[in-house]
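Chain by chain, the residues run as shown.
Protein chains: 4
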Amino acid sequence: MSAKSPVLNVAMVGHAFMGRAHGNAFRQANHFFDLPLQVVPKVIVGRDLGRAAEAAGKLGFEHATTDLDAVLADPDIHLVDVATPNDSHHDIAMAALRAKKHVMCEKPLAMTLAQAKAMASLAKKQKVRVALWHNYRRAPATALAARMIQRGDIGAVRQVRAVYLQDWLADPKAGASWRTSKKHCGSGAHGDLNAHLIDLTRALTGLEFESVCGMQQTFTKTRPAGRGKKAKVDVDDAFCFLAKFKGGAIGTYEATRAAPGRKNYNCVEISGEKGTIRWNLERMNELEVFTDAGGKDGQGFRTVMCMDTPHPYAANWWPDGHIVGYEHTFVHHLADFVLSLGKGAIGKGTRFAPDFDDGVAVQAVLEAALRSAERGTWEKIAK
Amino acid sequence: MSAKSPVLNVAMVGHAFMGRAHGNAFRQANHFFDLPLQVVPKVIVGRDLGRAAEAAGKLGFEHATTDLDAVLADPDIHLVDVATPNDSHHDIAMAALRAKKHVMCEKPLAMTLAQAKAMASLAKKQKVRVALWHNYRRAPATALAARMIQRGDIGAVRQVRAVYLQDWLADPKAGASWRTSKKHCGSGAHGDLNAHLIDLTRALTGLEFESVCGMQQTFTKTRPAGRGKKAKVDVDDAFCFLAKFKGGAIGTYEATRAAPGRKNYNCVEISGEKGTIRWNLERMNELEVFTDAGGKDGQGFRTVMCMDTPHPYAANWWPDGHIVGYEHTFVHHLADFVLSLGKGAIGKGTRFAPDFDDGVAVQAVLEAALRSAERGTWEKIAK
Amino acid sequence: MSAKSPVLNVAMVGHAFMGRAHGNAFRQANHFFDLPLQVVPKVIVGRDLGRAAEAAGKLGFEHATTDLDAVLADPDIHLVDVATPNDSHHDIAMAALRAKKHVMCEKPLAMTLAQAKAMASLAKKQKVRVALWHNYRRAPATALAARMIQRGDIGAVRQVRAVYLQDWLADPKAGASWRTSKKHCGSGAHGDLNAHLIDLTRALTGLEFESVCGMQQTFTKTRPAGRGKKAKVDVDDAFCFLAKFKGGAIGTYEATRAAPGRKNYNCVEISGEKGTIRWNLERMNELEVFTDAGGKDGQGFRTVMCMDTPHPYAANWWPDGHIVGYEHTFVHHLADFVLSLGKGAIGKGTRFAPDFDDGVAVQAVLEAALRSAERGTWEKIAK
Amino acid sequence: MSAKSPVLNVAMVGHAFMGRAHGNAFRQANHFFDLPLQVVPKVIVGRDLGRAAEAAGKLGFEHATTDLDAVLADPDIHLVDVATPNDSHHDIAMAALRAKKHVMCEKPLAMTLAQAKAMASLAKKQKVRVALWHNYRRAPATALAARMIQRGDIGAVRQVRAVYLQDWLADPKAGASWRTSKKHCGSGAHGDLNAHLIDLTRALTGLEFESVCGMQQTFTKTRPAGRGKKAKVDVDDAFCFLAKFKGGAIGTYEATRAAPGRKNYNCVEISGEKGTIRWNLERMNELEVFTDAGGKDGQGFRTVMCMDTPHPYAANWWPDGHIVGYEHTFVHHLADFVLSLGKGAIGKGTRFAPDFDDGVAVQAVLEAALRSAERGTWEKIAK
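Heads up: the sequence lines are chains A, B, C and D, in that order.
Adding 190 to a residue's 1-based position in the first sequence gives its number in my numbering.
Adding 190 to a residue's 1-based position in the second sequence gives its number in my numbering.
Adding 190 to a residue's 1-based position in the third sequence gives its number in my numbering.
Adding 190 to a residue's 1-based position in the fourth sequence gives its number in my numbering.
To be clear, the hints were calculated from the coordinates, so they are not data collected in a lab.
Certain hints may be false.
You can't tell identical chains apart in this list, so a pair holds if it fits in one copy or across any two.
To be verified - With a Cα cut of at most 25 Å, we get these calculated DSS-like pairs of lysine-lysine:
| no. | residue 1 | residue 2 |
| --- | --- | --- |
| 1 | K422 | K317 |
| 2 | K314 | K434 |
| 3 | K315 | K573 |
| 4 | K420 | K464 |
| 5 | K464 | K486 |
| 6 | K248 | K419 |
| 7 | K453 | K464 |
| 8 | K372 | K422 |
| 9 | K363 | K570 |
| 10 | K314 | K290 |
| 11 | K411 | K464 |
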């Protein structure tokens, strides 16, 4: 980036966990990637000015405000980042789109498929660029997996086995929160974790879901809600589903918050006709790959350390063999998004993925699976 | 075993792969376990006398015959071992039971649930002891897992994730055989591999299946059948199912023969309220265990090397840290069976498991899952 | 950090690989740690103004200069960071100390033990704070290991087995550089990699080296030097040594650049009377720990995922189970250094480690080992 | 083996741990390998007739005796197996050689290099076949490693890193025994465990040791000896040494009985110019292999499951992917020995390795290392 790069001024709405991760990306991307625009973390929009200002200081934004409308009306703001809780994604993003801002939205895109479709539709109409923060597509190892599958290293994909296991609700004494309330989050592990698995599947394999059959369970029906009270839990602790893809491939999925010892075990294994690839977020810099390389008596799963020069994003960081971490996936996501912005006119050839269409696709699968689990039937994915 | 131990004369019907594994157990058990009976590999029953005689020589049996009726009529034969292909298990075992022999039967118990029930029923009526060779219950690590779960190390079981992955049919050029023909084997990976997962689940957790929902796929529809011909494949290459257990636990299952790089990846992971246990046949002497042991900052999955003195069966073999292999599970199975024989009268208190009732239970789940996959519905397990 | 924090203005001398890592730390520390000072990346000092200015832009410094003297004379510069090649560490650091600046110096501290001692001595005399960038002490997992050992989790330390394996000089066709020339770097893998192992040993165990016996080898005696020329290699490709510690513990060390497949395999295993701890940079967020936790039949090496709330530095970053990478060790190092600066008067109780005394200790071991390898004798560590 | 195979009658002297492992091999080899001779476990020779007879019954030998001379005089005994404690290997083997028996001897071959040389010399003079039970050469994975190295998969060998870690003497309360007394066993971990590493190095790489430099330590100087008494420990708990090989390769070695959590961690890693191979007895069916297979972005250590058809010994056991255990290495050793016996006249072309010459080579390295540790010098290997 030359000193004369045009700027990309960012307004970030929200500043909790995801805001910290996004904020880091906005600060760091230009330091490690040669980008056509200089990203400027300009303003944080919050509901409480004091907390927003504190966040701005901590996260490196220039100032803070509670006035989203003013921000959207400001022609100097180029990009609106939606980092709020799930139930406000739709309204904020729609407002930003109406103001013709580029929009990056934290996942999930929306609370319903209808909302998601409206957002994707408006984004296209406004001819702005949009991104959905499915950051796990852009670990060096997952990007490498996508590359390998695309060039045919494992042949046509036949089976996906995907699990996202966490353990923070295994303990029945863990407290209730908005995350255990259907009204506030729609579903439990399903919307939170299966969303990642669905997006990763599509990103790595190019497969489209055809139909699904789901099963959910809530192991702990009530949880402490403070002051000796109990709150009912009406979302799933664990949600599993079977999937059939267009073209004949099949898959199994599991999301759970009740697997003791699994902190962040987002693990996807993909078998094709000629090989198998396996990735696990807890060892996110490694990729397990089996092909017939190594000869008849020397084949085996290869543990590929994905931080060497030939690997995606690796050369932007450190010399070979120095690993990166969780937040780097956000930096990569942003860097690629800014690169796509630099390509000028919005059109098919310069699509950034995942965008809101991808969000629609994920939402459709999530909803079909949820419906399936409630009805006890196989459900087709809505178009 | 003292020199004066009474003998247990064994007739083994069949002498292919499983016969080799059973035969080894018959030869080895008394050398490593103190048993109340001296096992004597007496006679192999085959269809071709020459081949049976050759097998008898190789496997250490005294002689060979083609006359099963004569063997069953011989009062000096105490135990009949059924090591033939699946479709003859029922007839041979029923004949042996009618002759009041103890019977050990290779899995699957039968081709249908009705057959299995008839076998279990006759076994009880005749008051003989019967065993089903689900050998994977008796790796040191799986026996340890069962012990840990039973004593509450991981709390009440909530989730099972079980896969049995192989790769010998991944290649479309791999040839057709009786194993790819529904007429000869009933199903593909499902009956062969899911049977193990179902039995292991019951053995390790004590859970009973309530309902299942299955999905199957055949990736390669025709296979080379010799001389340039092609044979249709009418069994599954891969079969996945969701399961609900009595009491609220849930599980996912997958059996496949099309996962490149997975040779014998029989892997069961069980999460309870307080911990998680994971076992994988390819590293069969290890058990991965998570509990809160190690303190707040020192918890983690423990790789337990299961060949030390405190572990099941370990002290019968070698000093600490010397591993055993596949065939040892058969030796353990036999040793426990002979110990149960030594306990005298047949009764509830001295049940050997897995017996034919366990075979009935496995068969009921397999059939329900198969029906489910054909109908696209959830199916209850038949009683 | 409140908005009114006093600032810590940083001048960084040098801006290559290590400069990028230091620069990142200077930019990031305040965003993730509550520090008593606001770190300000002020100026980069380089030999070429154009390149220094470009680096300043990329690394987030305010400006660049070639005039080190002017920087040292500037009372507004509080901290001088030495990120130049090894052979200039001494001169630059000494000048900065004379100017009464706090100094952070990239490892190795100096080219000779005598230099190192002079630096440590002057630092004490000037009553400034100094740090040596042995960053690997401050991975969450290594900091946890130090904590565990200090509180006695593995008992008295008896054995250290330490290797640092890389492979970038395995290929005889890899080119010559200053790193393969004794004149420019003193030694090969030894000074570069064993330095880390020596520092880590001291940091984790508190042990002091007593005597060492070394062995070195250069597998490729000449290397391509461009334009068809060959350059002689007069430093080691691999360097191993045995060590005896004060108090009776022993250790083995190996540094190599010729181990194909090992990119950055900095692995230290420490056995005490009651347990063993193992860490490996390639999986830097994990710690392998063996103690008797888990009970008689449930003991095993625990894979501790070190990015949960109870682990060092973890709570400053992301929710449980989200890993960090290589550069975070520099951020931690800086954050702790700034915390020590905030403690006011320089004194024994507020020492920051590793400082230049630690650098002296490492240098003494390196030199003794080198001397030993040349002479074929055991060598005592100089005091 | 046809029914008419000539027999190989075996007399086994000793019947403790190693006798059980040898005995199993004598019983099992013909059941799994097609051999030119039928091995017959004939007689066990012990010091106490009762215990020898009991062992004969348990281990499958025909009878027992205390009269070694009579056994040696018996022309019907073809092979004498020496499975006694170390200090009697020489005398028994020499007597058997004088009687012109084939001899298999448990390791170590002898108590001194002089003894070992005498044994090797007499073996050659008598033109009998001899074997030293260094069984770890014949795990499928180690045999595969030797094959790979021999055919050049990793290029010229440059570095060996070998450790054999156990933990049974980590606890200071573990009792004294003949194994902690120099008079009875010569050395501690060194002779017991480094012997394996030395033999494995030679077997896998073909390298010959040139000089060594050793270091030993006894962490627990006295141990409980029963009835409240303490016995002095005068052998090493841990013994490390550096090695230089003819031709320029180098290596590091460590044997210890004081590494908590390591039960039987016999781990050898070998780096050549083009690749690296790593084997670990605790996962003895796996081989870790790095070469450039997999392409620029897909290279990595391959975990080769060594029980598939193309792997050494695998096809003699079970279908692909079914692992074997510790005792199988003895069966393989014996099978290869019997095959060599079947080749007729004793000569260079039909040498079985490891034989007594290999035992001499191992002994020479062990003694040089011991001398080195005592003197604090590098020591050349005696010829």
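Numbers of the earlier hints that this structure fails to satisfy, in rising order | Hints 1, 2, 6, 9 are the ones this structure does not satisfy, whereas the remaining hints hold.
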